[in-house]
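Here the structure of chain A is known, so what remains is to put chain B in place on it, guided by the hints.
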Amino acid sequence: MAEALLQIDGLAKRFGGVVASDRITLAVPQGELHAIIGPNGAGKTTLIGQLTGEITPDAGRIRFAGTDITSAPAHRRSLLGLARSFQITSLFLDFTALDNVALAVQAHAGHSFRFWRNARSESSLREPARKALARVGLADRADAPVANMSHGEHRQLEIAMALATAPRMLLLDEPMAGMGPEESQRMVATLRELKRELTILLVEHDMEAVFALADRITVLVYGRVIASDTPAAVRANAEVRQAYLGEQEAVTGHG
Amino acid sequence: MTRALVSPRNLLVGALLALLALVPVYAQAVGNLYLLSLFTRIVILAMAAVSLNLIMGFGGLVSFGHAAYIGIGGYMVGILGYEGISSGLVQWPLALAASALIALVIGAFSLRTRGVYFIMITLAFAQMIYYVGVGLDRYGGDDGLSIDRRSQFGGLLNLSNRTVFYYLCFVLLLATVYLVWRLVNSRFGLVIQGARSNDRRMRAIGFPTYRYRLVCFVIAGTICGLAGVLLANHTDFISPAMMHWTRSGDLIVMAVLGGMGSVLGPVVGAVAFLLFEEVLADITEHWQIIMGPLLLAVVLFARGGLDGMLASLSRG
Numbered sequence: 001m002a003e004a005l006l007q008i009d010g011l012a013k014r015f016g017g018v019v020a021s022d023r024i025t026l027a028v029p030q031g032e033l034h035a036i037i038g039p040n041g042a043g044k045t046t047l048i049g050q051l052t053g054e055i056t057p058d059a060g061r062i063r064f065a066g067t068d069i070t071s072a073p074a075h076r077r078s079l080l081g082l083a084r085s086f087q088i089t090s091l092f093l094d095f096t097a098l099d100n101v102a103l104a105v106q107a108h109a110g111h112s113f114r115f116w117r118n119a120r121s122e123s124s125l126r127e128p129a130r131k132a133l134a135r136v137g138l139a140d141r142a143d144a145p146v147a148n149m150s151h152g153e154h155r156q157l158e159i160a161m162a163l164a165t166a167p168r169m170l171l172l173d174e175p176m177a178g179m180g181p182e183e184s185q186r187m188v189a190t191l192r193e194l195k196r197e198l199t200i201l202l203v204e205h206d207m208e209a210v211f212a213l214a215d216r217i218t219v220l221v222y223g224r225v226i227a228s229d230t231p232a233a234v235r236a237n238a239e240v241r242q243a244y245l246g247e248q249e250a251v252t253g254h255g
Numbered sequence: 001m002t003r004a005l006v007s008p009r010n011l012l013v014g015a016l017l018a019l020l021a022l023v024p025v026y027a028q029a030v031g032n033l034y035l036l037s038l039f040t041r042i043v044i045l046a047m048a049a050v051s052l053n054l055i056m057g058f059g060g061l062v063s064f065g066h067a068a069y070i071g072i073g074g075y076m077v078g079i080l081g082y083e084g085i086s087s088g089l090v091q092w093p094l095a096l097a098a099s100a101l102i103a104l105v106i107g108a109f110s111l112r113t114r115g116v117y118f119i120m121i122t123l124a125f126a127q128m129i130y131y132v133g134v135g136l137d138r139y140g141g142d143d144g145l146s147i148d149r150r151s152q153f154g155g156l157l158n159l160s161n162r163t164v165f166y167y168l169c170f171v172l173l174l175a176t177v178y179l180v181w182r183l184v185n186s187r188f189g190l191v192i193q194g195a196r197s198n199d200r201r202m203r204a205i206g207f208p209t210y211r212y213r214l215v216c217f218v219i220a221g222t223i224c225g226l227a228g229v230l231l232a233n234h235t236d237f238i239s240p241a242m243m244h245w246t247r248s249g250d251l252i253v254m255a256v257l258g259g260m261g262s263v264l265g266p267v268v269g270a271v272a273f274l275l276f277e278e279v280l281a282d283i284t285e286h287w288q289i290i291m292g293p294l295l296l297a298v299v300l301f302a303r304g305g306l307d308g309m310l311a312s313l314s315r316g
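Protein chains in written order, with my numbering: chain A, 1 to 255; chain B, 1 to 316.
Okay, chain A solo, but in the shape it has when bound (with noise of 0.2 Å):
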């Protein structure tokens, strides 16, 4: 019996007296893309802190691509294939775009001690990072430095870094975050066409982008999962819709 490729397992977290993961049990099976909304403070930065590295979980376990990864420091959950992007740009400003796309495949090309050869005219590095810029519709901004480029361009390029390392699994923090409706709609796109290839799990606001996107959707309130479902079940679920989706009526009711 196949093993989703992220299991996560009773995981738990609290601080002081918040609770802000309470037993969470979930699996994302291979090809799924797979949302995790829920309000305010539901606890999804947590989560999403727990699955890169940065936070250590009280309780519980993850286990991704078959190996248990709960306590793994996050640049070993990268080299195992699990790619994240950043709720609030993290670039590397000083760099161009390009920079820091070959930086992203340099991390994950064997180890970097090597002092003489000039990186920037490496081909196996740049070469793989022109692709994953043309991915996201970045390949004309290649030598643009970061920053100069605009917030809809950083978040393009955050989703190009994470290609970058040739991932099993994408984790998105709210990509479309402080993006203006065009740019919501490229994102849309790009993610659409990653999903052919890739897993993800997306944390996101947008309710829309989540309703188009999603193969499920998992809802978290206060730390709890109380519904993980398709999203036409999510949308019917009376508890998700008293807790949390009947301030987003209006947004779902003709998504």
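Simulated from the structure, these hints should not be mistaken for lab results. Everything numeric in this text was worked out from a predicted model, so none of it was measured. A few of these clues could be false.
To be verified - If you want the footprint, here are the derived chain A segments under chain B, 3+ residues with CB under 8 Å: (1) 64–75; (2) 78–89; (3) 104–110.
Just so you know, even glycine gets a beta-carbon here, dropped at the ideal spot from N, CA and C.
Chain B in isolation, oriented as in the chain A frame:
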């Protein structure tokens, strides 16, 4: 990124290097041996500043204890000489190995911290090493120790010849600049700069940044140890003063003044700083009163230091 080879900045920096190459010729022509001695010191400290800038400018780690390696390099030469081992082929490798080893220990601890804590812990280690020097009674303690014979290289090099010694220091400075330049543009260098820019992201894309920073810290300490070896041979003297914390501060000032963004910046900074000191000290013994505001002006109005200022002139 291609920059024009012939730009005002490159011409000026090239001219500076050419002038440095001609110092012995000029000093001999006018019979001013002090000038040669001054510039030997400048070239040696420029080398130390370049090594500091590798971790500070490119790695984003402000080490406030970099002069410790000058001391270690110098003391290895002095102590071995005192004990009757004056062969450079023994002294120098041992001095570099000692610098590397101590940088490894200091780096292993201090690189677990960031920001102000990193500054403080590197300073604390350097102070410890300083007081070890003060406590070495056999080697002069606080008063220091004269070196009777400079490092011997058989018939190969005679370090007691001032011109030969100057050119040795100058060539080693050029070699250091070239080495650091290769380094910062290599895969290794990009990891170091990436970690300066965004360490968290570096780890998220799969880099264990700590070990790269540690290796960088060791390389910088080793190069600085070489500067210490040269300085001891230049002054024929070692004392704890050569690794006083104010010297670590001077090295930081040289790098900031010259420009942390380029490999050659600290060379420009070292020349400017030490010449200022020389000229201003002639005018008043409180020369820092003039140096202070000058540094302030550079930090406020020329973010990339003197070298950055030249580069922005080049861009027009």
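We went through each hint and held it up to the structure:
1. Remark: the segment 64–75 of chain A is confirmed as covered by chain B, as 3 of its residues place a Cβ nearer than 8 Å to a Cβ of that chain, reaching the required three.
2. Requiring three or more residues with a Cβ within less than 8 Å of a Cβ of chain B, the coverage given for the segment 78–89 of chain A holds, as 5 such residues are present.
3. For the segment 104–110 of chain A, the proposed coverage by chain B is satisfied: 4 residues have a C-beta within less than 8 Å of a C-beta in that chain, meeting the threshold of three.
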